[in-house]
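Here is what each chain is made of, one letter per residue.
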Amino acid sequence: MAWTEVIEPKSKLFDLKFKEAWHYRDLLSMWVKRDFTATYKQTILGPIWFFLQPLLMTIMFTIVFGKFAKLSTDGLPQVLFYLAGVTIWNYFSESFTKTANVFKDNASIFGKVYFPRIIMPLSIVTSNLVRFLIQFFLFIGFLCYYKFTGNPSVQPNLMILVTPFLLVIMAGFALGAGMIISSMTTKYRDLSFLLTFGVQLLMYATPVIYPINSLPEKYKIYVMANPIAPVVETFRYAFLGTGAFSWISLFYSFGAMIVLLFVGVFIFNKVEKNFMDTV
Amino acid sequence: MREVAIKVENLSKLYALGQIGTGTISRDLERWYARIMGKEDPYAKIGQTNDRTTKGSSDFVWSLRDINFEVQKGEVLGIIGRNGAGKSTLLKILSKITSPTTGKISIDGRIASLLEVGTGFHPEMTGRENIFMNGAILGMRKYEIQRKFDEIVDFAGVAAYIDTPVKRYSSGMYVRLAFAVAAFLEPEILIVDEVLAVGDAEFQKKCIGRMKDVSVNEGRTVLFVSHNMAAVKSLCTKGLVLKNGQFDFYGTQYDAVVHYQSSQIASSSFIHEGEMDLAPGNQNIRMLRFQAKPLIGDVLSISSGVQFEVEFYNFKENINLDVTFELVNMDEVVVFHHGAFVCSNKDSKKSAYIVIGKLPPNLLNAGNYRFNIIFGENQRFGLYSKNDVIQFELTNESFGTNSKTLPGVVRPEIQYEIVNL
Chain A
1 MAWTEVIEPK
11 SKLFDLKFKE
21 AWHYRDLLSM
31 WVKRDFTATY
41 KQTILGPIWF
51 FLQPLLMTIM
61 FTIVFGKFAK
71 LSTDGLPQVL
81 FYLAGVTIWN
91 YFSESFTKTA
101 NVFKDNASIF
111 GKVYFPRIIM
121 PLSIVTSNLV
131 RFLIQFFLFI
141 GFLCYYKFTG
151 NPSVQPNLMI
161 LVTPFLLVIM
171 AGFALGAGMI
181 ISSMTTKYRD
191 LSFLLTFGVQ
201 LLMYATPVIY
211 PINSLPEKYK
221 IYVMANPIAP
231 VVETFRYAFL
241 GTGAFSWISL
251 FYSFGAMIVL
261 LFVGVFIFNK
271 VEKNFMDTV
Chain B
1 MREVAIKVEN
11 LSKLYALGQI
21 GTGTISRDLE
31 RWYARIMGKE
41 DPYAKIGQTN
51 DRTTKGSSDF
61 VWSLRDINFE
71 VQKGEVLGII
81 GRNGAGKSTL
91 LKILSKITSP
101 TTGKISIDGR
111 IASLLEVGTG
121 FHPEMTGREN
131 IFMNGAILGM
141 RKYEIQRKFD
151 EIVDFAGVAA
161 YIDTPVKRYS
171 SGMYVRLAFA
181 VAAFLEPEIL
191 IVDEVLAVGD
201 AEFQKKCIGR
211 MKDVSVNEGR
221 TVLFVSHNMA
231 AVKSLCTKGL
241 VLKNGQFDFY
251 GTQYDAVVHY
261 QSSQIASSSF
271 IHEGEMDLAP
281 GNQNIRMLRF
291 QAKPLIGDVL
301 SISSGVQFEV
311 EFYNFKENIN
321 LDVTFELVNM
331 DEVVVFHHGA
341 FVCSNKDSKK
351 SAYIVIGKLP
361 PNLLNAGNYR
371 FNIIFGENQR
381 FGLYSKNDVI
391 QFELTNESFG
401 TNSKTLPGVV
411 RPEIQYEIVN
421 L
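If you read the protein sequences in the order shown, they are chains A and B.
For the first sequence, position 157 (counting from the first letter as 1) is numbered 157 according to this note's numbering, and the numbering increases by one without interruption.
For the second sequence, position 350 (counting from the first letter as 1) is numbered 350 according to this note's numbering, and the numbering increases by one without interruption.
No lab work stands behind these hints, which were simulated from the structure alone.
Some hints here could point you the wrong way.
Said to hold, decoys possible - With a cut-off of at most 30 Å between alpha-carbon atoms, the simulated BS3-like pairs for lysine-lysine come out as follows:
#	chain 1	residue 1	chain 2	residue 2
1	A	Lys33	B	Lys205
2	A	Lys104	B	Lys148
3	B	Lys233	A	Lys273
4	A	Lys273	B	Lys142
5	A	Lys33	B	Lys212
6	A	Lys17	B	Lys212
7	A	Lys104	B	Lys73
8	B	Lys233	B	Lys212
Whenever a hint applies, use it, and build me the whole structure from the sequences.
Shown next as C-alpha cells:
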C-alpha cells in the first residue's frame with residue numbers, strides 16, 4: 001500500500017522536500033509581506049527607515065573612517081564608497097543574523113504547527129532582498145548624482161550585469177552560515193551571544209570600509225581568503241569602476257558558498273526534526 | 001473494506017529531563033564515541049517509564065513507549081489519559097513537530113493538526129490578513145482560502161471587523177476567528193488537541209457540531225485528544241487510552257472512557273500483596289494499603305469528595321501512636337498537613353489498624369494530588385514516613401458556563417449574599 005507519508009526517526013541526508021516546500025509557496029510570500037507590514041507599523045517614519053539605516057551607517061563611516069582615521073577609498077568619493085559597501089554588506093549581515101536566530105525567534109510557531117522549516121530562512125532571504133532593492137535605489141541615486149556632477153573617478157561598467165549573481169552568492173552565504181548557526185544555537189545558546197560580535201568582526205575582515213588595494217601585499221591574501229570579500233569588491237568594481245576584481249576569486253566565492261550551503265542544509269535538516277525538544 | 005489512514009508501529013519517544021545545556025558537549029561527545037564504537041547509547045538504556053510520581057534515577061524518560069495502533073479512514077479516535085500520559089507527545093510526533101526516537105508512522109492522506117488555534121496570528125494585521133496567514137501556515141493554498149473566505153468569516157461572526165487589526169478584537173472574537181480558519185481546513189486527517197476549551201458555551205457547541213460534520217458528512221479521519229469525557233463519548237467512534245506513556249486500552253469510545261475512569265480509581269490506590277516483611281515500612285510500621293476513592297459516585301471529581309484510607313501494622317506497643325497525612329498538589333503546594341492519634345493513652349497494640357479520613361465534596365480544586373504519610377509517636381518522634389504513596393486526579397466540573405479549570409488551590413462552594421443599595 002502506498003502511504004502519503006511515513007514518519008521515522010531519521011530522515012535522508014539531503015531530503016530537501018522540495019515538493020512539499022513548493023506546496024507552501026503562498027506561505028513564503030505571506031511571510032515576506034507580513035515582515036514588511038509588521039516591522040514598520042506604529043513607527044513614525046515607517047518605510048523611510050529602509051533608507052535611514054544605510055544612510056546613517058554611511059554617515060558614521062564617513063566621519064569615523066573617512067575623516068578621522070583617513071582610510072583610503074581608492075580615490076572614490078567617500079560617501080559613495082561606503083554606501084556601496086554598506087548596501088551589499090547589509091544584505092548579507094541582516095539575512096545572516098535573522099537566519100541564525102530562526103529557531104529561537106520562531107520557537108512558538110514551530111512548536112505548534114508543522115510546515116517545511118526551510119520556508120522560514122527562505123522568506124528571510126527574500127524579504128531582505130526586497131529591502132536590498134530599496135536601498136539599492138538609494139545607492140543608484142547617489143551614483144547618478146556623482147556621475148552627472150562630473151566626478152571622473154566614478155566609472156560604472158558592464159560588470160553591473162553580474163549583480164544578480166553576486167546577490168545569489170550573498171544569499172547562499174547568509175542561508176548556509178545562518179542555518180549552521182541556528183541549528184547549533186538550539187543546543188548551545190552561547191553561540192547567539194557570539195553572533196553579534198562575530199558579524200562585526202566579519203565586517204572588518206571584509207573590505208567594506210576599506211578597499212582591498214590599500215592593504216599591504218602580505219595581508220591581502222588573508223582578506224581575499226574570506227569568500228565574501230570578492231563579492232563586495234566586485235560590486236564596487238561594477239558600479240564605481242575601482243576595486244580588485246577577478247573571475248577566479250569570484251568563482252572561489254561561488255564554490256565556497258555552494259559548500260557552505262550544502263553543509264547548512266544538511267545540518268538544518270538534521271536539527272529541524274527534534275529541535276523542539278531542546279530549545 | 002475500510003482502509004487504514006494512520007498506522008503507528010512501535011512508536012517510542014525519549015526525553016531528557018532536567019537541565020539541558022550544562023555539560024551537553026561532553027555528553028554529546030560521549031554518545032558519539034559510544035556510537036562509533038558500536039555500543040548502546042549510554043544515556044538511553046537507563047530510560048524508564050514515564051511515571052511522574054516517583055522521581056527516577058535517570059535523566060531520561062520514555063514519554064512514549066512501544067505504541068501500536070491503527071486508525072481506519074472516517075474514524076474519529078479519541079485519545080485519553082492522565083496528564084503526562086504521553087498524549088501531547090503523540091500528537092506532536094503525528095504533527096511532525098518533533099520526531100520519534102524509534103518506530104514508524106505511516107499516513108495515508110493529507111494531515112493537518114490543530115494543537116493551538118490562531119498560530120501565526122499577528123496583532124498588527126487585520127482579520128483578513130490573518131485568515132490568509134493562518135490558513136497558509138496550516139497548509140492551505142491561497143485560492144483555497146479565497147474560496148472559503150466568506151464561510152470562515154460567517155462562522156466566526158466577525159464580518160464587521162474583518163479589516164480591523166486583530167489587536168482591537170475582544171478575546172472571544174479572536175478565538176472564534178482562529179478556530180474558524182481551522183474548521184474549514186480540508187485535510188483528509190485532522191488532529192485536534194483540546195482547542196474546544198476556548199470560547200463560550202455556545203461557541204463550543206458550534207465547534208463540536210462542526211467537528212461532527214467533518215467526520216460524519218465529509219468522511220474524514222479525526223484524532224481528538226480531550227479530558228472532556230462527554231465530548232469524547234459524543235464525538236468519537238473509537239478510544240485509545242494511554243498510561244505513563246504506554247498503551248493501556250483500545251476499543252469503542254464508551255469502553256475506553258469506562259476503562260479510563262476505572263483505572264483512575266485503581267491508580268489512586270496502593271495495596272501491598274504478599275509477605276508483610278516486604279511491605280513498605282520498618283521495624284515499627286508496615287504499611288499494607290492506602291487508597292483514595294470518591295465519597296459520592298464512582299469518579300473522583302470536584303463534587304465527589306475524597307475518602308482516604310490507610311491500613312497498616314503497628315509493632316510498637318504502649319505508645320501514643322499518631323498518623324499524619326499530607327496532601328500535595330501539582331505545584332508542590334502542601335494543601336494540608338493533618339493527622340490524628342491512633343492511640344492516645346499509651347495503649348498501642350501489636351496489630352493492624354485502619355484510619356479513614358473524609359474530605360468533603362466541593363473543597364479541593366481540580367488537578368492531580370499526592371499523599372505523603374507520616375507515622376509518629378506522640379506527634380514528636382517520627383516512626384516511619386513515605387512520600388508520594390498514592391496519586392489521584394480530581395476531574396474538573398463546569399462552574400456555570402465556564403468549563404475550564406479555575407485557578408486556585410481550593411474551589412469551595414460559597415454562599416453569597418447580594419445587597420443592592
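Now the hints, each set against the structure:
1. Lys33/A with Lys205/B: Between Lys33/A and Lys205/B the Cα gap is close to 36 Å, so the pair fails against 30 Å, i.e. violated.
2. Lys104/A with Lys148/B: violated, 33 Å
3. Lys233/B with Lys273/A: Outside the cut-off at roughly 34 Å; violated.
4. Lys273/A with Lys142/B: Answer holds: Lys273/A to Lys142/B is near 26 Å, not above 30 Å.
5. Lys33/A with Lys212/B: violated, 36 Å
6. Lys17/A with Lys212/B: Not satisfied, since the Cα-Cα distance of roughly 33 Å exceeds 30 Å.
7. Lys104/A with Lys73/B: Status violated; Cα separation ~37 Å.
8. Lys233/B with Lys212/B: Status holds; Cα separation ~12 Å.
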